Structures are given as structure tokens and as C-alpha cells.
Amino acid sequence: MAILHWVMRGRRIGDYANVKVAKLRFDGPSLYAGDIFLMNVGRVESRETILEHGVGAIIDPKDPNAATTLASIGQRQALVHDVASILGIRRDLDEPEFTPIARLDHDSGRTGMVIVPLANDPLALKDAVQRVPIIESIKRRPLAAKSGRRAFGVADGDEDAGEGGR
Amino acid sequence: MAWQTATRTPGKAAGRVKGSDSGSGSSGQLIAVVTLNPDKVGGDIPIFYAKDKEDLEGMALVLSRTTRAMVHEIAEGVYILVKH
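Protein chains in written order, with my numbering: chain A, 1 to 166; chain B, 1 to 84.
What the hints contain is simulated information worked out from the structure, not anything from laboratory work.
Warning: the hint list may mix true and false statements.
[Claimed, not checked] With a Cα cut of at most 35 Å, we get these calculated DSBU-like pairs of lysine-lysine:
id, chain 1, residue 1, chain 2, residue 2
1, B, Lys51, B, Lys40
2, A, Lys139, A, Lys62
3, A, Lys126, A, Lys139
4, A, Lys126, A, Lys23
5, A, Lys20, A, Lys146
6, B, Lys40, B, Lys53
7, B, Lys40, A, Lys23
8, B, Lys51, A, Lys126
9, A, Lys139, A, Lys20
10, B, Lys83, A, Lys23
11, B, Lys83, A, Lys139
12, A, Lys20, A, Lys62
13, B, Lys83, A, Lys20
14, B, Lys83, B, Lys51
15, A, Lys62, A, Lys126
16, B, Lys40, B, Lys83
17, A, Lys23, A, Lys62
18, B, Lys51, A, Lys146
If you're wondering where the values come from, they're calculated on a predicted model, not measured in any experiment.
Using the sequences and the hints, build the whole thing.
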């Protein structure tokens, strides 16, 4: 039964990518999770609140299939929604700067995210992100196509290179 | 009947910028500008001139809370309020 349950379980972000807690920092008004730019925060007090109470994460796809899937806007919106529903958000209606956000780094394919949660625990954030389900209709497998393998520099005959995309 | 007819006032074109920080494709609207430097800004939007940094922060806070807009710093001493 346990094996059946495991096989039938839908894929999660933890299956597609390596998730790690990222240090939040500001370069002027620009907020970064690690080296990934997230957003511009104007007010100094808001920046201090984000640094004190916010937590960040970086989602690093394991292969091109995973990178293409996780680049989807809908998947990133689902990520933010699911994490926020578990950890809560420390904001009110008139505080849009504390809205959780996930941004894509186009050069590396990684996604950075920030949330100012009610429950401030970086490891809880990491766990919550890893457990976010992959939306079935968003799954992509570019390595299964010849042109996809060519685009991502994978040799023909190496279709199984994308383990994360299964 | 005349009283059943309601005409919608079209939204102002000025100050509407295309932005998609959430990725949903929604546009943002420039609500106001708060600045220490009168020379750097101009146009057909509300502009508030602050006398010092503290005044700048204070005005930006009140404006952002009352309009539910987000404050962005686009240049030293220039804050814009954008409703996303």
C-alpha cells in the first residue's frame, strides 16, 4: 500500500529542484534573496521589517525539464500561494510591500522568493516549498523532443537526462 | 429608462503603466510622487515635495497606507507610489 501511495503521489517542487534558505539583503532599495533580485522597496522602515521578519528561499531546478516547468508563472504563483497559506503572512491590507513574491533569475533558471510570515522559521519555509505540488498541466519535458535536446545541449539518445521532469 | 442607464467613466490614461511583478500581467497605476528634488520630477500626477529625508519617509508612509499603494525608490530622494 505504501508503495502504491508513493507511486501515485503527484510530483512536488522538492522532486524537481533543490531548495535552500536564502539570505535576504538590500542593495539600496533593491531586495535580493541571495543573488536573485526580487523587488524594489522604497521605505526604509519597510526594508527593516523585511530584514527582521522576512525569510527567503532559492529554488534551483535539477535539470532543463524542471527548469522549464518551474519557470511557469502559474507554478510560481501556486508556490507563493501554498507557502503563504501554511506559514501565514505578516501584513495588512494597506501594506502591499509585504506581499510574498517569487521571481525568476533568467540566467540560471533559479527562482528566488521572499515571504514575511507569521511563523518565522526558515526550515519550515524550506519544507513548505519542497512540498508544494507541481501543477499537472504545467509539467513540461523539453528533453523528450529532439529540438528541446538541441536547445539545452543534451546529446541525442540521452532522453532520460531529465529525471526531474518525469 | 434613464435612471437604469449608467455610464462608466473611463479610467484615466495618464499614470497607467504596464507592470507585472506578480506575473499575472496586471497593470500598475502610478498614484503619486514624493520627492526631495523638484527638478527631477514633473507631469500630470500628484507630486509632494518633502523638505528632508524624515519628511519624505513620513509622507510616503501616510500616502501608501491611505492609497494602499506600494512605495518604490526610483532615484535618490524620489519615491513613487504605485498601485499594483
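Item to complete: Output the numbers, in ascending order, of every earlier hint that fails for this structure.
Response: Per hint list: 8, 18 violated.
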